[in-house]
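Residue numbers (this note's numbering), protein chains in the order written: chain A, 140 to 484; chain D, -3 to 300.
Hints listed in this document are in silico derivations from the structure and should not be mistaken for laboratory results.
Take these hints with a grain of salt, some might be off.
[Stated by the list, open to error] Which chain D residues stay away from chain A? Per the calculated CB distances, all over 10 angstroms, these:
(1) L76
(2) V79
(3) L91
(4) A95
(5) F143
(6) K148
(7) K156
(8) N169
(9) D179
(10) T277
(11) K284
[Stated by the list, open to error] Cβ-to-Cβ under 7 angstroms is the rule here; a few derived chain A residues that face chain D:
(12) A231
(13) A233
(14) N234
(15) N235
(16) K246
(17) G264
(18) G285
(19) S330
(20) G392
[What the hints assert, rightly or not] Quick list of the computed label-pair ranges, beta carbon to beta carbon:
(21) A:P365 / D:F58: 50 to 56 angstroms
(22) A:R343 / D:A125: 41 to 47 angstroms
(23) A:G392 / D:P264: 25 to 31 angstroms
(24) A:E213 / D:L65: 52 to 58 angstroms
(25) D:F0 / A:G441: 23 to 29 angstroms
(26) D:W57 / A:T269: 49 to 55 angstroms
(27) D:K156 / A:G294: 47 to 53 angstroms
(28) A:T269 / D:G106: 29 to 35 angstroms
(29) A:E399 / D:G53: 48 to 54 angstroms
(30) A:K212 / D:V99: 29 to 35 angstroms
(31) A:T269 / D:I235: 55 to 61 angstroms
(32) A:K218 / D:L65: 50 to 56 angstroms
(33) D:G177 / A:P365: 51 to 57 angstroms
Quick reminder that beta carbons are idealized off the backbone N, C-alpha and C, glycines included.
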Amino acid sequence: MKNFAKKLTAAALAILLSGAFGACSSGGSASSAIPAGKSGGAQSKAYKSIGVIEYAVNPSLDNCYTGFMKGLKESGYEKGKNLTIDFQNSQADANNAQTIAKTMVAKNYDLVMGIATPAAMALYGAANPTKIPTVFTAVGDPVGAGIVKSLAKPGVNCTGSADILPLESQLKLIRAFLPHAKKIGVLHTTSEPNSTASLKTFQRLAPKYGFEVIDVGVTGSSDVEPGMKTLISKKVDCINNFTDNNVVNHLPGLLQAANEAKIPIFGSEVEQVKNGCLATVGIDYVVLGEQTGKMAAKILNGTVKAADLSVYTVQDGKPVYNKKVMQQLGISLPKAYSSAEKIAG
Amino acid sequence: MNVFFEILVSVLQEGFVYGIMALGIYVTYQVLNFPDLTVEGTFPLGSCVAGVMIASGLNPWFACLAAFLCGAAAGGVTGLLHVKLRITDLLSGILVMTALWSVNLAITSGSAVKAFYNQPTIYTSGPAALIPDSQNTLRALTVAFLFCLAIKILLDLYLKTKSGLLLRAAGDNPRYVVSLGKDPGNMKILGLMLGNGLAALSGCILSQREESADIYCGTGMIVLGLAAVIVGINLFSGIKFLRSTTAVVLGAVLYRGVLMIALQLGLPTNYMKLLMAVLLTIVLVANKTMPTGRRKRHVARTQV
């Protein structure tokens, strides 16, 4: 009897396999019919579905998502009214992101959106063979990641907003806050392309402002704290963050170590300053997300193709500083930044 | 309903790709009785080799061959560590796996992810080009299925040769190998090369599907491979006409399939690994509690 059950399983699998082959060929033509409301909705705000993958649980990335929803709402797409969102978090695991991306593409959403480079890459890779457009946000180097051909004209069915850091402005800020500092410490994850790209630019620009960059590369999550200790032991005057997913995830631990050594940390975006970094010429991720939301709405409307929509890059950020942290470190606000936005500790 | 078939096709396609890796683990774990952790390093090795070669425009089929050879080389190192330096099997695998992390990074010149979108891959060039672009999912499934089938048949043919027999003996009965005047250690090295070559090939094919190579893709592969082997061998051992190699591939498909279906039914992604562990436990326990009349105890595990 049990033997029969096993033979039945084998037979069922065989039928399933042939059924899949049969379904594909008929499914190829039918898939364009779903979901409902997709047909030629150039002017009307027809019902749309979007799949979103957030790479990691991280306040900066959460800000991106908030901005994205805001941008969509401003352009007429509101969750619950004419929009369903499938929001997934890949828990900083690239394999997870791949699995989720494939599932989303199989569900044939109208648009997919990736927050941070690994999520964007997974979605683009999965959606590329299909007609589903991809949008991204918080990707440091979209050209380097291969998901667009150029920032001005993506050339592929993928576009979005990039968080290329205004490093020169950041260096000016650091010099203004710490007129006598010589060494800037940097922690970067060697396997994050946006981080290594930022480091190269930073190393190139730092001497102009009289800084020496001390860099410690980390390979994974467990190396961040020891890396921090190494930087402190090298007697750096301050530390600067990039948009490094791995390092930023460990920000509380880094801040604790730095505060004990009385070394300020300069963040790379507004949320980090809120959490205890001294200052930044920050990227506002909400604004970044909003831009992607508006681009997504345009693509959903059908008014423009993703391939023609140029990637939005952050223009000069606005300086923000944390007053409480500044007072704790005994630093006074430089005159040039007296109009900078103050954030309560 | 359409969505269901799309997902089914995606599951089958991935299952066949992982099936190749499962065949590799079948050779090392089941045939050679060697728990080989090198696979966690060899799988991304194949992926990175393919990524670098295809990104620089080389023929994807050639990249597959190169991936296989690189994986075989890594497996050879594990074998040498175990046989010649007498390091235990588990540790030799761990040592090579750890070293491969740096090797993989060196191959990709330091970047964790190497994308090669819109380049010709085995899914778009050569025989696959016969199927038009519009039938993209069908094409992917066909390529994966045929590739897996070809590898499986080649492996079956190999295991029937004298060398294959010696391989099976090296894991089961080393004295038999010695009595034939051959060195079981050499057979172990050969088996490890074969197993890891297959794992690297599997990584290469997967990266071509995703059009990006990733040094992290190896994490959890040993669990997936072992699960596929165990599920395959245990569930399908009673069916006489099903060879072990086929059973292992089906095990990979089934295992992956259940995971994907669970995700579809709404399981939060965070619990996927828990589900993997639970499934594996169920299969292991179910096999032990089945009436022994069904399980052929007298048949050795290495029976092809």
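Outcome of the hint check:
no. : hint                                : result
1   : L76                                 : holds (27 angstroms)
2   : V79                                 : holds (31 angstroms)
3   : L91                                 : holds (18 angstroms)
4   : A95                                 : holds (14 angstroms)
5   : F143                                : holds (15 angstroms)
6   : K148                                : holds (15 angstroms)
7   : K156                                : holds (23 angstroms)
8   : N169                                : holds (29 angstroms)
9   : D179                                : holds (39 angstroms)
10  : T277                                : holds (20 angstroms)
11  : K284                                : holds (14 angstroms)
12  : A231                                : violated (10 angstroms)
13  : A233                                : holds (5 angstroms)
14  : N234                                : holds (6 angstroms)
15  : N235                                : holds (6 angstroms)
16  : K246                                : holds (5 angstroms)
17  : G264                                : holds (5 angstroms)
18  : G285                                : holds (3 angstroms)
19  : S330                                : holds (3 angstroms)
20  : G392                                : violated (22 angstroms)
21  : A:P365 / D:F58: 50 to 56 angstroms  : violated (42 angstroms)
22  : A:R343 / D:A125: 41 to 47 angstroms : holds (44 angstroms)
23  : A:G392 / D:P264: 25 to 31 angstroms : holds (27 angstroms)
24  : A:E213 / D:L65: 52 to 58 angstroms  : holds (55 angstroms)
25  : D:F0 / A:G441: 23 to 29 angstroms   : holds (28 angstroms)
26  : D:W57 / A:T269: 49 to 55 angstroms  : violated (25 angstroms)
27  : D:K156 / A:G294: 47 to 53 angstroms : holds (51 angstroms)
28  : A:T269 / D:G106: 29 to 35 angstroms : holds (32 angstroms)
29  : A:E399 / D:G53: 48 to 54 angstroms  : holds (52 angstroms)
30  : A:K212 / D:V99: 29 to 35 angstroms  : violated (48 angstroms)
31  : A:T269 / D:I235: 55 to 61 angstroms : violated (37 angstroms)
32  : A:K218 / D:L65: 50 to 56 angstroms  : holds (51 angstroms)
33  : D:G177 / A:P365: 51 to 57 angstroms : holds (53 angstroms)
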